[in-house]
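Residue numbers (this note's numbering), protein chains in the order written: chain A, 1 to 323; chain B, 1 to 303; chain C, 1 to 541.
Worth double-checking, as some hints may not be accurate.
The calculated lysine-lysine pairs, modelled on DSS-like cross-linking and capped at a C-alpha distance of 27 Å, are [what the hints assert, rightly or not]:
{"#": "1", "chain 1": "A", "residue 1": "Lys127", "chain 2": "B", "residue 2": "Lys39"}
{"#": "2", "chain 1": "A", "residue 1": "Lys89", "chain 2": "C", "residue 2": "Lys211"}
{"#": "3", "chain 1": "A", "residue 1": "Lys123", "chain 2": "B", "residue 2": "Lys37"}
{"#": "4", "chain 1": "C", "residue 1": "Lys402", "chain 2": "B", "residue 2": "Lys74"}
{"#": "5", "chain 1": "A", "residue 1": "Lys123", "chain 2": "B", "residue 2": "Lys36"}
{"#": "6", "chain 1": "A", "residue 1": "Lys158", "chain 2": "C", "residue 2": "Lys363"}
{"#": "7", "chain 1": "A", "residue 1": "Lys89", "chain 2": "C", "residue 2": "Lys187"}
{"#": "8", "chain 1": "C", "residue 1": "Lys236", "chain 2": "A", "residue 2": "Lys89"}
{"#": "9", "chain 1": "A", "residue 1": "Lys158", "chain 2": "C", "residue 2": "Lys520"}
{"#": "10", "chain 1": "A", "residue 1": "Lys79", "chain 2": "C", "residue 2": "Lys187"}
{"#": "11", "chain 1": "A", "residue 1": "Lys158", "chain 2": "C", "residue 2": "Lys250"}
{"#": "12", "chain 1": "B", "residue 1": "Lys74", "chain 2": "C", "residue 2": "Lys187"}
{"#": "13", "chain 1": "C", "residue 1": "Lys376", "chain 2": "C", "residue 2": "Lys363"}
{"#": "14", "chain 1": "A", "residue 1": "Lys79", "chain 2": "C", "residue 2": "Lys178"}
{"#": "15", "chain 1": "B", "residue 1": "Lys74", "chain 2": "A", "residue 2": "Lys158"}
{"#": "16", "chain 1": "A", "residue 1": "Lys158", "chain 2": "C", "residue 2": "Lys519"}
If you're looking for bench data, these hints aren't it; they were derived computationally from the structure.
Every value quoted in this text rests on a predicted model; they were computed, and no experiment measured them.
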Amino acid sequence: MRTYIIRRLLQMIPLLIGISIVNFTIMHLAPGDPVDLLVERNATAEERARIRELYGLNDPIYVQYFRWLSHVLRGDFGKSFVDGQSVSKTILERLPYTLYLNFLIMVVIYAVAVPIGIISALKQYSKFDHIMTTLAFLGQAVPSFWIGLILIYFFGLKLDWLPISGVGTIGLNVRTAGFWATFVDRAAHVVMPVIVVAFGSLTGVARYMRSSMLEVIRQDYVRTARAKGLPEKVVIVKHALRNALLPIVTLLGNELPLLFGGLVVIESIFSWPGIGLLSIRAIFQRDYQIVMAINMMGATLMVLGNFLADLLYVVVDPRIKYS
Amino acid sequence: MLELEKKRILLRDSYGGDALTPEPESYGRMVWRRFKKHKLAMAGLYVLIFMYALAIFAPMIATQSYEAVDPPNKLKPPSREHLMGTDHVGRDVFSRVIWGSRISLSVGFVAAAVAVTLGVLVGATAAYFGGWVDDILMRFTEIVMAFPTFFLLLTIVSILERSIFNIMLVIGLTSWPSLARMVRGQILSLREQEFTEAARALGASDARIIFRHILPNAMAPVIVSATMRIGGAILSESSLSFLGLGVPEPFPSWGSILNAGRNYLLQAPWITTFPGIFIFLTVLAFNYVGDGLRDALDPRLKD
Amino acid sequence: MRKSLTVFIVSLLALTLLASACGPKAGEPNAGKTGEKTTGGQIVFGLTGNPVIFNPILATDTPSAQINGRVYSGLVRVNENMELIPDLAESWEFSPDGLTWTFKLRKDVKWHDGTAFTSADVKYTYDAIKHPDYTGVRRTDFQPVDKIEAPDDYTVVLHLNQPYAPLLSKLTIGIIPKHIFEETPIKDMRENPANMKPVGTGPYKFVEWQKDQYILLEANPDYYGEGPYIQKVIWKFYADNQVMLAALEKGDIDYMGAIPPDDVERVQQALANTHEFVQIPQNGYTYIGLKQTDPILKDKLVRQALMYGTNRAQIVQEVLKGYGDVMNANIPPSSWAYAGDVLNPYEYNPEKAKDLLDEAGWKVGPDGIRQKDGQKMHIKILTSTGNRILESALLITQQNWKDLGIDVVVEYIEWSVLCAQYLDVAKFQAYALGWSLGVDPDCYLYFHSAAAVDENGVLVGFNDVEFKNPELDELLELGRTEMDQEKRKEIYADIQKLINEELPYVFLYTNNSPAAMHKKVKGVVWGATGPLYPEKWWIEE
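Isolated chain A (complex conformation):
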């Protein structure tokens, strides 16, 4: 097991390099570059060529790649082509907002989806199961920007209950308004984005929980426990639930990369100043340095998440052996 872990960790290095090469190449193969977007139609082709030269964008791709890599290895993701600011600093500014939103979303998803999944499994094909299945699929089948705009229209505009964008009222903080007012203000801002995302992603977790639970309650040890005459509650909570929850944990590993910039549409609709909004803006401006940095951080998280999921797989299913 220990050699397996070490081997996998070592494998990550060439893997991440591979990912960075593929990313870099695709990005630079795509026609157009930041200069086109930076100057729009204000500069002649000649002027653009001069600016490109100054930015080193005329060098062969491999030269640009190694230049980039050597900086990254020194912990420097470079400076944005567009505004000249440090990429690491820019990303760090955004990260807390994305983490904050994602953390709340995760809490809501798991807090709601896990009980739904369990009840659906225990009462398979009951009315509750059908309604929950429908609701869960409904969330998945409706585009999130649509729900987002509808919520903004009704709760933001018509009823005027909730603010429609941003993380908080400008200038309102603990110092100026006190703890409670600030808390209420921040909570009001985060409600709609959390609901929209959670509604859309509940399905996966709830369905997963349902089938995991269905599988467990058919296992021999659960039947044995029932046969022994233990009360149903004890059987479910003590024997079934604990085992059914294990595969859910592997799901968490897979969702790790989503924590990072998986919310492009929602951050755009609700003007949430996180990584998703940053990345979509950077992509459209071809700000290679920022896109590469976000991609690499996302890839690292994904590779780590996959690795964790594989490890957890072993823990959950002892039949699988790693050598």
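Given chain A, work out where chains B and C should sit, using these hints.
Positioned in the frame of chain A, the structure of chains B and C alone reads:
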């Protein structure tokens, strides 16, 4: 006794039967019998039949051309003449939605087919051979998972061009990795099970073991996931439309109609509502059918 | 004899009076002038895009320009009639040969950090633009300037290598502080932290920018001119235009500058009591560029047929909801050089268009598509994704042209791909886009044959359609070097007539952005490019 057991396996092997269907009833018929019991799945199936019928008979059903503009009659609410109203340049939303069913359903189907084919090939090979093959294929899978979809799309678009087919291809090419991982996981656990061991003990070749014994058993979740993935691909196309990279004008897909109507949500809600309902019903139907198939194909589930 | 500032301004004024009679929608300062101007309060704007950089010589985007316009000042500024009036420069003079321009600067100006503003700052700014390592796009503007001198602290002299009238309008560009930038090599100017925390001489001081959240400016108490009265200026970010519109309706923002035409009626009803609605004419136009060397499009009759065969009035009526004008040449009505009444209006006339195509030898074939010498009449228009007014206009155009018997395809391409693969290399048959123009009507870079593709296949200026006409070349050169405004107006009228006849483009429309301003904001002057003189506005609750 043991001898007899071996014979049965051999026998089944020779006529290609499934290792897990000891009953005389055919596998297909059993699955169908179980599937029928899932009421929502049946409803989903009917919806899908309806949608495909719309797509096939679109030229007969659509009342007008999907591209004929009529600016003076733009943003008109549903009426007898325009069942679903008109869009921002006066095109008939009903006709566009009907024609759109062709494009959306094809995008879903082709993208899912590409993803499933690649996913099964890579996943099965990796899992069965294990060792360095597994390592290389899985690392490759991870690299693909980290592909920047937007740039991949741009690259493909610049080399080829922005067509409906290329959009199908890109959605397919970027969504197989999770399937590969799933197939691999499935096979990993099947590989350890008794019937594989038995076949191996009987001297069956690697290929035979994969294709005859393991894949059929691993296929159940693949079929389920492929079904749901068609719906997913239809949604992916609408997300690409959100970024302005979906099916190009003037061709209608449900996603592109919905997205064009996004800017008129408050004054002309019908432009978004109708394609929205079609996307929603279709995706929901695919999910239910997938759910029904999951239950019907689950070998551990007794009748 | 020296041409003095007053003569210049007066002649400008006379012209703009004429021009404004034919339609610019610059409005009157709004009511409430009688009230006492109050100091205090705040105004909130909405922005959809993040500003790129708070440095006027590097920025090219509209969001940056809005903030830079309040933080920085230039030597001159534009008034409500698109005339140039003094700002940091008190007065200026041109030598009779037009080669030496002398500016006298104000002496009471301080940078926001307290340092005194001098001619050295002006020289530094212009020198930076002319520096070979400069990474911005203003170099072409300053090409005719040979040397910049600062003989004393409050005098700047520009030496030109040829008379170049459009230069004055380029001097609206904000002056940047030498004492903050001089340590940074010009090549790395973009990385100077001052670009994110700008120090200017304008009426508002930069306070903070939370990216994708808000930008906050506060009044500069040491401002050299009148005001500012409003103490805080805030821009809030909305990544989606529909959400910004909702924010306007909800009262989260006080002003929105580009309300989608289809939404205006509804919003206007909802906000009739609280907001004032105006139209801001955009200094630019939208067109379909036609490759002049294309076998189909090189025929003038075909190009004229396309003009007659495009229902441009309907596009303005239905797509722009009347918030715009049909364009027949390359200068929009908001400019003083506009000569709309002497141009052929090319009113929609499909029959005439068909006749012209027949005359050009393009006869309707058995499949309904016109053909000539066995070649089908096929036109492919390229355009960029994301501009939905243009997209709607093109859907109508496409239909119109199909009705003429032309097989027409519109292809939507992502912006930078369009630039890199088609526009920069001038390879296309037709494309549809818009130009936004400068204050000066000079259009040398767009239509002069020297601005087309050179012998190495490199596009020199913006003449990507490769329009080449010796008569026009001469007029364009004359328009640049002539310093007399009255004569220039005549030259540009001739230019428009020629372009209207020869048609390098199918001219579509120029749009007027519908805008809404909260009525509590008083003293707003509506210029051709938006609300002007923000330092003189005040809030009356």
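To see whether the hints hold, each was checked on the structure:
As the CA atoms of A/Lys127 and B/Lys39 are separated by approximately 12 Å, the hinted pair is consistent with the 27 Å bound. Annotation: proposed proximity of A/Lys89 to C/Lys211 holds, straight-line Cα distance about 12 Å (limit 27 Å). A threshold of 27 Å between alpha carbons decides the hint, and for A/Lys123 with B/Lys37 the separation of about 16 Å falls inside it, so the pair holds. At most 27 Å may separate the alpha-carbon atoms for a hinted pair to count; C/Lys402 and B/Lys74 meet this at roughly 20 Å.
In summary, the hint linking A/Lys123 to B/Lys36 is supported, as the alpha carbons are separated by about 19 Å, within the 27 Å threshold. At most 27 Å may separate the alpha-carbon atoms for a hinted pair to count; A/Lys158 and C/Lys363 exceed this at roughly 58 Å. A hinted pair counts as satisfied when its Cα atoms are at most 27 Å apart, and A/Lys89 with C/Lys187 qualifies at roughly 22 Å. The hinted pair formed by C/Lys236 and A/Lys89 meets the criterion: a straight-line CA distance of about 22 Å does not exceed 27 Å.
At most 27 Å may separate the alpha-carbon atoms for a hinted pair to count; A/Lys158 and C/Lys520 meet this at roughly 23 Å. Restraint check: the Cα-Cα separation between A/Lys79 and C/Lys187 comes to about 14 Å, which is no more than 27 Å; the hinted pair holds. About 9 Å separates the Cα atoms of A/Lys158 and C/Lys250, which keeps this hinted pair within 27 Å; it holds. With a C-alpha separation of about 52 Å, the suggested pairing of B/Lys74 with C/Lys187 is violated against the 27 Å cut-off.
With a C-alpha separation of about 10 Å, the suggested pairing of C/Lys376 with C/Lys363 holds against the 27 Å cut-off. Distance hint between A/Lys79 and C/Lys178 is fulfilled; the C-alpha atoms sit about 23 Å from each other, no more than 27 Å. Between B/Lys74 and A/Lys158 the CA atoms are separated by roughly 26 Å; this keeps the pair inside 27 Å, and the hint holds. At roughly 22 Å between alpha-carbon atoms, A/Lys158 and C/Lys519 fall within 27 Å of each other, so this suggested pair holds.
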